[in-house]
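So the sequences go chain by chain: Y and C. For the first sequence, the positions run 5 to 119 when my numbering is used. For the second sequence, the positions run 379 to 493 when my numbering is used.
Keep in mind that a hint or two might mislead.
DSBU-like mimics (lysine-lysine), calculated; alpha carbons at most 30 Å apart, straight line [as the list claims (entries may be wrong)]:
hint: 1; chain 1: Y; residue 1: 28; chain 2: Y; residue 2: 72
hint: 2; chain 1: Y; residue 1: 82; chain 2: Y; residue 2: 72
hint: 3; chain 1: C; residue 1: 395; chain 2: C; residue 2: 480
hint: 4; chain 1: Y; residue 1: 28; chain 2: Y; residue 2: 82
hint: 5; chain 1: Y; residue 1: 82; chain 2: C; residue 2: 395
hint: 6; chain 1: Y; residue 1: 28; chain 2: C; residue 2: 480
hint: 7; chain 1: C; residue 1: 435; chain 2: C; residue 2: 379
hint: 8; chain 1: C; residue 1: 480; chain 2: C; residue 2: 449
hint: 9; chain 1: Y; residue 1: 72; chain 2: C; residue 2: 480
Calculated Cβ distances over 12 Å to all of chain Y for the following chain C residues [said to hold, decoys possible]:
hint: 10; residue: 416
hint: 11; residue: 427
hint: 12; residue: 465
hint: 13; residue: 493
Part of the chain Y face toward chain C, derived, beta carbon under 10 Å [to be verified]:
hint: 14; residue: 10
hint: 15; residue: 11
hint: 16; residue: 46
hint: 17; residue: 115
hint: 18; residue: 118
To be clear, the hints were calculated from the coordinates, so they are not data collected in a lab. Even for Gly, the Cβ is constructed at its ideal location relative to N, Cα and C.
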Amino acid sequence: DAGVIQSPRHEVTEMGQEVTLRCKPISGHNSLFWYRQTMMRGLELLIYFNNNVPIDDSGMPEDRFSAKMPNASFSTLKIQPSEPRDSAVYFCASSSGDRVSGELFFGEGSRLTVL
Amino acid sequence: KNQVEQSPQSLIILEGKNCTLQCNYTVSPFSNLRWYKQDTGRGPVSLTIMTFSENTKSNGRYTATLDADTKQSSLHITASQLSDSASYICVVTVGITGTASKLTFGTGTRLQVTL
Numbered sequence: 005d006a007g008v009i010q011s012p013r014h015e016v017t018e019m020g021q022e023v024t025l026r027c028k029p030i031s032g033h034n035s036l037f038w039y040r041q042t043m044m045r046g047l048e049l050l051i052y053f054n055n056n057v058p059i060d061d062s063g064m065p066e067d068r069f070s071a072k073m074p075n076a077s078f079s080t081l082k083i084q085p086s087e088p089r090d091s092a093v094y095f096c097a098s099s100s101g102d103r104v105s106g107e108l109f110f111g112e113g114s115r116l117t118v119l
Numbered sequence: 379k380n381q382v383e384q385s386p387q388s389l390i391i392l393e394g395k396n397c398t399l400q401c402n403y404t405v406s407p408f409s410n411l412r413w414y415k416q417d418t419g420r421g422p423v424s425l426t427i428m429t430f431s432e433n434t435k436s437n438g439r440y441t442a443t444l445d446a447d448t449k450q451s452s453l454h455i456t457a458s459q460l461s462d463s464a465s466y467i468c469v470v471t472v473g474i475t476g477t478a479s480k481l482t483f484g485t486g487t488r489l490q491v492t493l
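Chain C extracted, bound-state conformation:
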């Protein structure tokens, strides 16, 4: 069964600190992995999309890593800000052909950045 598991479920950190969110997946065949940020009451917004051959991808203070061998990904947030408080959702695309592929969603990590 295709699954995407995220940890931790929730996290509280102080402003300015770094943090790392984890995503483990068991899908086949793997196509790509995406991280989304969802602010409370808003729709998810794409942070990164990584294919099989990419190990690291950055978007400002967000850095995603992908280890296709261990089927793990992480999202590292540097120098956190209050505006980083949100849910972060890991999404894996299963399948290699267009319309037949599927997106498998994790349930997200809820991050709260405090003063």
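This is chain Y alone, in the form it adopts within the complex:
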């Protein structure tokens, strides 16, 4: 299995630009998570999908962030407009169960730098 695939691995952009991060979960997994990791705050949940439906988006910072999961094999996280404080590593993870029982499999992350 190829694991969770994220793209791009690195993104450098200027403040105000739109950023789109992409994720392909492991085939057969029905839960998908987007996390943000910074040195100061560690890993923080942004949004959680179950069977393509957003279940918990309480971690989405503000209206500049949006996430979609149009089908079971693809999800996007969009930031528009981007700001320097959005600089972080964004991880996508998937699991075959729910948040209680499912083991999380993380992608390699997308490192975002907003200048």
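Please arrange chain C on chain Y, whose structure you already have, making use of the hints.
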């Protein structure tokens, strides 16, 4: 407030030595506790997942313990190797029902194994 605290924040040990990482949590209701290993520039990888009834769980040279009464967990690494150099993250699942549960992350212990 649900919290997960890890100690020490960082640790340097000589190759071949043993070490123990600590995780204290204050969450309710508790569902399970996980340890993840995160190599620099990579996504976290699951080491163990322990439920309320499990006291000890091993994965090769990694042994996790859980004391649900004192709400403490430890990760013991035996005969450390250079490849053990990584961040180790403790994660507690809060809640007992699937989609309503939440994962609470510690900020991690950064381990460096040297020659």
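Tested hints:
1. Taken as a hint, the residue 28/Y and residue 72/Y pair is honoured in the structure, with Cα atoms around 12 Å apart against an allowance of 30 Å.
2. Taking the CA atoms of residue 82/Y and residue 72/Y, the gap is about 9 Å. The hint holds against a cut of 30 Å.
3. Between residue 395/C and residue 480/C the CA atoms are separated by roughly 35 Å; this puts the pair beyond 30 Å, and the hint is violated.
4. Pair hint residue 28/Y plus residue 82/Y holds up; C-alpha atoms about 15 Å apart against a cutoff of 30 Å.
5. For the hint pairing residue 82/Y with residue 395/C, the CA-to-CA distance comes to about 45 Å; that exceeds 30 Å, so the pair is violated.
6. At most 30 Å may separate the alpha-carbon atoms for a hinted pair to count; residue 28/Y and residue 480/C meet this at roughly 22 Å.
7. Restraint check for residue 435/C and residue 379/C: satisfied, since their Cα atoms lie roughly 28 Å apart, inside the 30 Å limit.
8. With a C-alpha separation of about 17 Å, the suggested pair residue 480/C and residue 449/C falls inside the 30 Å cut-off, and the hint holds.
9. Using a Cα cut-off of 30 Å, the hinted pair residue 72/Y and residue 480/C holds, with the two alpha carbons roughly 20 Å apart.
10. Not every beta carbon of chain Y lies more than 12 Å from that of residue 416/C, the smallest distance being close to 8 Å; the non-interface claim is violated.
11. Interface exclusion of residue 427/C from chain Y breaks down, the closest Cβ pair being 6 Å apart, not more than 12 Å.
12. For residue 465/C, the shortest C-beta to C-beta distance to chain Y comes to about 9 Å, within the 12 Å cut-off, and the non-interface label is violated.
13. The claim that residue 493/C lies off the interface holds: its Cβ sits roughly 27 Å from the closest Cβ of chain Y, which is beyond the 12 Å cut-off.
14. Contact between residue 10/Y and chain C, as hinted, is supported at the beta carbon level, the nearest pair being about 8 Å apart and thus within 10 Å.
15. For the restraint placing residue 11/Y at the interface with chain C, the shortest Cβ-Cβ distance is roughly 14 Å, beyond the 10 Å limit, so the hint is violated.
16. Evaluation of the residue 46/Y hint against chain C yields a held restraint, the C-beta minimum of about 4 Å falling below 10 Å.
17. Evaluation of the residue 115/Y hint against chain C yields a held restraint, the C-beta minimum of about 8 Å falling below 10 Å.
18. The criterion of a C-beta within 10 Å of any C-beta in chain C is not met by residue 118/Y, whose closest approach is roughly 19 Å, and the hint is violated.
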